[in-house]
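S.K.: Given next are the chains, with one letter for each unit.
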Amino acid sequence: MGARSLVVLLFLMFILSFSSAYQGKKKQYKPCKQMVLYFHDVLYNGQNAANATSAIVGAPQWGNLTILADKFHFGDVVVFDDPITLDNNFHSKPVGRAQGMYIYDTKNTFTAWLGFTFVLNSTDFQGTLNFMGADPIIVKTRDITVVSGTGDFFMHRGIATIMTDAFEGEVYFRLRVDIKLYECW
Amino acid sequence: MGARSLVVLLFLMFILSFSSAYQGKKKQYKPCKQMVLYFHDVLYNGQNAANATSAIVGAPQWGNLTILADKFHFGDVVVFDDPITLDNNFHSKPVGRAQGMYIYDTKNTFTAWLGFTFVLNSTDFQGTLNFMGADPIIVKTRDITVVSGTGDFFMHRGIATIMTDAFEGEVYFRLRVDIKLYECW
Amino acid sequence: MGARSLVVLLFLMFILSFSSAYQGKKKQYKPCKQMVLYFHDVLYNGQNAANATSAIVGAPQWGNLTILADKFHFGDVVVFDDPITLDNNFHSKPVGRAQGMYIYDTKNTFTAWLGFTFVLNSTDFQGTLNFMGADPIIVKTRDITVVSGTGDFFMHRGIATIMTDAFEGEVYFRLRVDIKLYECW
Numbered sequence: 001m002g003a004r005s006l007v008v009l010l011f012l013m014f015i016l017s018f019s020s021a022y023q024g025k026k027k028q029y030k031p032c033k034q035m036v037l038y039f040h041d042v043l044y045n046g047q048n049a050a051n052a053t054s055a056i057v058g059a060p061q062w063g064n065l066t067i068l069a070d071k072f073h074f075g076d077v078v079v080f081d082d083p084i085t086l087d088n089n090f091h092s093k094p095v096g097r098a099q100g101m102y103i104y105d106t107k108n109t110f111t112a113w114l115g116f117t118f119v120l121n122s123t124d125f126q127g128t129l130n131f132m133g134a135d136p137i138i139v140k141t142r143d144i145t146v147v148s149g150t151g152d153f154f155m156h157r158g159i160a161t162i163m164t165d166a167f168e169g170e171v172y173f174r175l176r177v178d179i180k181l182y183e184c185w
Numbered sequence: 001m002g003a004r005s006l007v008v009l010l011f012l013m014f015i016l017s018f019s020s021a022y023q024g025k026k027k028q029y030k031p032c033k034q035m036v037l038y039f040h041d042v043l044y045n046g047q048n049a050a051n052a053t054s055a056i057v058g059a060p061q062w063g064n065l066t067i068l069a070d071k072f073h074f075g076d077v078v079v080f081d082d083p084i085t086l087d088n089n090f091h092s093k094p095v096g097r098a099q100g101m102y103i104y105d106t107k108n109t110f111t112a113w114l115g116f117t118f119v120l121n122s123t124d125f126q127g128t129l130n131f132m133g134a135d136p137i138i139v140k141t142r143d144i145t146v147v148s149g150t151g152d153f154f155m156h157r158g159i160a161t162i163m164t165d166a167f168e169g170e171v172y173f174r175l176r177v178d179i180k181l182y183e184c185w
Numbered sequence: 001m002g003a004r005s006l007v008v009l010l011f012l013m014f015i016l017s018f019s020s021a022y023q024g025k026k027k028q029y030k031p032c033k034q035m036v037l038y039f040h041d042v043l044y045n046g047q048n049a050a051n052a053t054s055a056i057v058g059a060p061q062w063g064n065l066t067i068l069a070d071k072f073h074f075g076d077v078v079v080f081d082d083p084i085t086l087d088n089n090f091h092s093k094p095v096g097r098a099q100g101m102y103i104y105d106t107k108n109t110f111t112a113w114l115g116f117t118f119v120l121n122s123t124d125f126q127g128t129l130n131f132m133g134a135d136p137i138i139v140k141t142r143d144i145t146v147v148s149g150t151g152d153f154f155m156h157r158g159i160a161t162i163m164t165d166a167f168e169g170e171v172y173f174r175l176r177v178d179i180k181l182y183e184c185w
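Protein chains in written order, with our numbering: chain D, 1 to 185; chain P, 1 to 185; chain L, 1 to 185.
Since no wrong hints were added, every one of them can be taken at face value.
Derived DEER-like restraints, expressed as beta-carbon distance ranges: (1) P/ASN89 x L/SER92: 43 to 51 Å; (2) L/ALA166 x P/SER92: 51 to 59 Å; (3) D/ASN64 x P/PHE110: 28 to 36 Å; (4) D/THR66 x P/ASN64: 17 to 25 Å.
Since the hints were derived computationally from the structure, they do not count as laboratory data. Being a predicted model, the structure only gives us computed values, none of them experimental. Built from N, CA and C at the ideal position, the CB exists for glycine as well.
Please put together the full structure from these sequences, using the hints given.
M.R.: Laid out in structure tokens, this is it:
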């Protein structure tokens with residue numbers, strides 16, 4: 001990332017850091033289930049095969065498969081299998097895996113499109129939750145949707161508010177996911 | 001209930017069963033929200049980097065990243081960030097962005113698989129809608145699904161009827177999206 | 001796939017073959033619609049262009065577009081347009097097409113992430129069903145979700161229990177899909 005993109009990024013982060021996205025003027029419903037989970041993504045960069053939990057598998061013409069592309073990574077498709085933990089510690093015992101993909105999809109800022117599943121396998125939860133939505137990455141908190149579930153989450157739906165809890169260069173990030181289910185069966 | 005009322009009831013049942021059959025076999029539900037929007041896709045072809053709103057990021061072995069592949073583009077994966085407008089004019093002020101991907105997925109005709117989000121940010125709507133479905137492109141109108149939403153569209157679901165409103169070679173197309181939401185919260 | 005991965009795979013298949021994934025301790029709801037369908041996937045390998053119904057369109061740095069990648073195919077993105085049949089015979093008259101993608105997404109076992117649509121066009125059913133979820137391939141039966149539908153399946157939701165009904169090398173597999181819809185309109 002060049003110095004100029006960095007300035008743009010910092011400016012955008014400043015503007016947006018106090019706001020939250022896509023939360024609007026909704027009625028206040030009460031969740032029927034609620035939980036907070038973290039997941040951890042280590043992107044393959046050609047040298048970290050043992051530790052990587054994700055890899056670039058599609059890229060635009062100007063990109064490649066070991067470095068995130070120019071133009072705010074527009075077009076990079078990343079497949080992941082990330083550990084899910086109950087707290088923000090990468091080394092905590094995982095309670096499941098976040099599996100699916102994210103796609104960087106804007107040329108002039110950092111946004112991603114997410115399609116993935118939480119496969120939960122802990123004493124508290126056995127089942128899956130499926131997530132879908134647009135992620136305006138540099139906004140502090142942003143809402144994506146829980147479109148379906150299985151097992152303990154059979155037919156559930158809801159909203160997940162995500163926050164970038166840590167971001168280290170272009171190799172590691174950690175998301176905090178505040179899941180609120182409003183349709184429970 | 002007397003015999004006469006029973007005859008009247010049976011007669012009404014006969015009339016009603018005939019009329020609902022005439023309407024086709026699905027019930028007629030009334031949308032709780034409805035809107036028509038357009039979005040505009042300009043595909044990167046190696047020479048239009050400034051204007052392109054989408055790019056090929058995956059392709060089959062016989063394809064590449066600047067020209068849609070042979071065999072009805074089968075296997076081409078396109079990531080997009082397209083402006084959404086209230087009318088069919090590419091230059092109208094956008095009310096949001098359509099972000100996500102489409103995948104050409106048939107070898108002997110034009111069909112696509114769609115996974116994307118409308119990120120709406122206008123005076124009328126603040127929120128997102130998530131779309132998923134199969135798009136048999138050459139059919140005049142085709143239904144995909146609205147699986148979820150956030151903000152003003154919190155927990156909403158519905159159907160989107162899409163039409164190809166313009167198609168210019170392999171660089172530009174415009175879709176008309178008639179959104180009917182049947183589950184509103 | 002090396003001999004060692006094969007041993008690991010066989011061991012995992014043994015351990016898991018009697019279990020089912022993600023079904024948990026859910027309440028017993030009764031489906032409002034139910035059906036069993038099969039679909040058939042023939043993966044393009046560089047030499048079967050005429051018969052192939054799917055193709056690798058994205059791969060990690062260590063992969064390519066005609067052979068599934070090492071590390072349990074982690075990162076391979078496959079686009080498909082597979083015939084759907086009422087029984088397990090590849091040559092039966094199709095009642096529709098399964099269209100979309102699967103993504104291998106684990107480095108140390110076989111799992112996939114699925115996003116696809118059943119486009120049904122038979123005397124029994126006219127409409128589409130959209131599927132999403134994590135598929136722990138080597139588990140005998142596993143639940144994914146039906147997130148939405150159109151036509152005869154307008155606004156429907158449910159669960160699909162999938163089983164690998166046949167698996168021939170890395171070219172052909174057949175899935176049995178037991179669809180149970182719990183929300184019908």
